[in-house]
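Please arrange chains S and E on chain Y, whose structure you already have, making use of the hints.
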Amino acid sequence: MLYFENWSEFLAMDGHGFYVWSAYAVGLLVVIYNVLSPMMAKRKVIASIQRQERLAKGVGKMSSITESSLLQDGRGAQ
Amino acid sequence: MMKWTFFHKLGSPKWFYDISGKWLPWLQITSLLSLVVALIWGLAFTPPDYLQGNSYRIIFIHVPASFLAQAIYMMMATAAAVLLIWRIKLADMALKVMAPIGASFCILSLATGAIWGQPTWGTWWVWDARLTSMLILLFLYIGIIALRGAIQTSEVAAKACAILSLVGVVNIPIIKYSVNWWNTLHQGATLKLTEKPSMAPEMLWPLLLSILGFYLFFTLVMFLRLRVEILSREKKTRWVKALVGE
Amino acid sequence: MNAVRKQRLILVLLLLLGVGAAVTLMLFALQENINHYFSPAQMESGEAPTGQRVRGGGLVVPGSVERDTESLQVSFRISDGAGEVTVLYDGILPDLFVEGSGIVATGMLNKEGVFTASEVLAKHDENYMPPEVQKAIDDAHPGYSSPSYSSPALQTSARELEVQQLESLNNGG
Chain Y
0 MLYFENWSEF LAMDGHGFYV WSAYAVGLLV VIYNVLSPMM AKRKVIASIQ
50 RQERLAKGVG KMSSITESSL LQDGRGAQ
Chain S
0 MMKWTFFHKL GSPKWFYDIS GKWLPWLQIT SLLSLVVALI WGLAFTPPDY
50 LQGNSYRIIF IHVPASFLAQ AIYMMMATAA AVLLIWRIKL ADMALKVMAP
100 IGASFCILSL ATGAIWGQPT WGTWWVWDAR LTSMLILLFL YIGIIALRGA
150 IQTSEVAAKA CAILSLVGVV NIPIIKYSVN WWNTLHQGAT LKLTEKPSMA
200 PEMLWPLLLS ILGFYLFFTL VMFLRLRVEI LSREKKTRWV KALVGE
Chain E
0 MNAVRKQRLI LVLLLLLGVG AAVTLMLFAL QENINHYFSP AQMESGEAPT
50 GQRVRGGGLV VPGSVERDTE SLQVSFRISD GAGEVTVLYD GILPDLFVEG
100 SGIVATGMLN KEGVFTASEV LAKHDENYMP PEVQKAIDDA HPGYSSPSYS
150 SPALQTSARE LEVQQLESLN NGG
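Heads up: the sequence lines are chains Y, S and E, in that order. Here the first sequence is numbered in numbering that gives the first Met the number 0, starting from 0 and rising by one per residue. Here the second sequence is numbered in numbering that gives the first Met the number 0, starting from 0 and rising by one per residue. Here the third sequence is numbered in numbering that gives the first Met the number 0, starting from 0 and rising by one per residue.
No lab work stands behind these hints: they were computed from the structure. Where a beta carbon is used, it is the ideal one built from N, C-alpha and C, also for glycine. You may find that some hints are simply not true.
To be verified - In silico contact screen, one side only, chain S against chain Y (beta carbon under 8 Å); selected entries:
#1 56
#2 210
#3 240
Here chain Y stands alone, though its shape is the one from the complex (with noise of 0.2 Å):
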């Protein structure tokens, strides 16, 4: 059964309110914090591989095309 008549008694939690509501907002923030901080981490490392992934093939295409050329000048690649 329901234990408060209406939404402003359950938000009044009796005169307790403050002290419930701030306790369960910062419940939130702890679940907001543990559920974003992996969203974020991962999309650094996705695009840090795909970077990585991106720099390899460049190379690579560079390489085959100007390694001549390069040695010829004495300048390395990147």
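The following block gives chains S and E in isolation, referenced to the frame of chain Y:
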């Protein structure tokens, strides 16, 4: 022989990545459901406490957070031992990702406890053995996180964090038994291993469900973080490249 | 388990044992400082030091609360079943300050055995139940109040009694 093969398979990051992926949807659904049901149940569908009135409803967050803060540390200490004895690098990855999760639940426990303390005890904080040892737990978590960042070499960092985790584990029984060994303002355990809980059933069930929900949630976010860590550390391997592959 | 791993395992166990032993010793040594806590019986018998900051606690003796009409000064007696002490306090008492319930106070005990408190906190026990269950217990045992702090023996039997009551109410009610 068979047992050891399984154990070493357990240490394979790719194996964990594949298995954990299958569990994710189930973990998402069950943790969300149990948390939402438990907290609404506790907030609106349980009677107020005879003594504390409605402020006791903080218990549905405070107790699970406190249990988790300690349990996560125990898991970290276990991972630390596995790392030091068997040198399984997945154990180090687990140790690394669990620390910030544990710290966040420790903060939640301390914050909800302080908020609850004001209308019940009459103070936000007291230096009794229970609160002080929980604060020490938070310092340990922060110390492990900081140590990891401070050491450049990853192998040395792994070992240092593992050793600090093990050293700090002595704090866990202190936290648990503080209310028995010393005169503390914080009351004794409501949920006991060998005795009946000192809580009315209509309050007990949402609390147990909330604890379950929090543990499921922890498992979910720990898996999520560990999977990212695996991708990061194994980024040079073929399977990761293929997975991320454009 | 091979030899190397066994050796590492032993090192880990030694580490744990060593730290455990060190901390245990430290805690025993610091016991006096950590506690600073005296029961009413100890304060009455003179075991507690006078003239320095200590902590004490007990159950508020019903009927002993006297409030000054003009200021926030209040006096009451606390008991642990074995001894009683008078507490003086000037300030707002916590919401959960109720006759028959427990308190923890910080302050100074004087030579006459009166404890002047600078802080009074309400202590509650680990029992949670709806008001009607508590009322049923009160009706069944008039004059008996749910103790939130008392000597361990009283606390255990009180807890047993409450658990019994809860059980019988849940079965019968």
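Evaluated hints:
1. 56: Where the cut-off is 8 Å and the nearest Cβ of chain Y is about 5 Å from residue 56(S), the hint holds.
2. 210: violated (13 Å)
3. 240: holds (6 Å)
When each numbered hint is compared with the structure, a violation occurs for hint 2 only.
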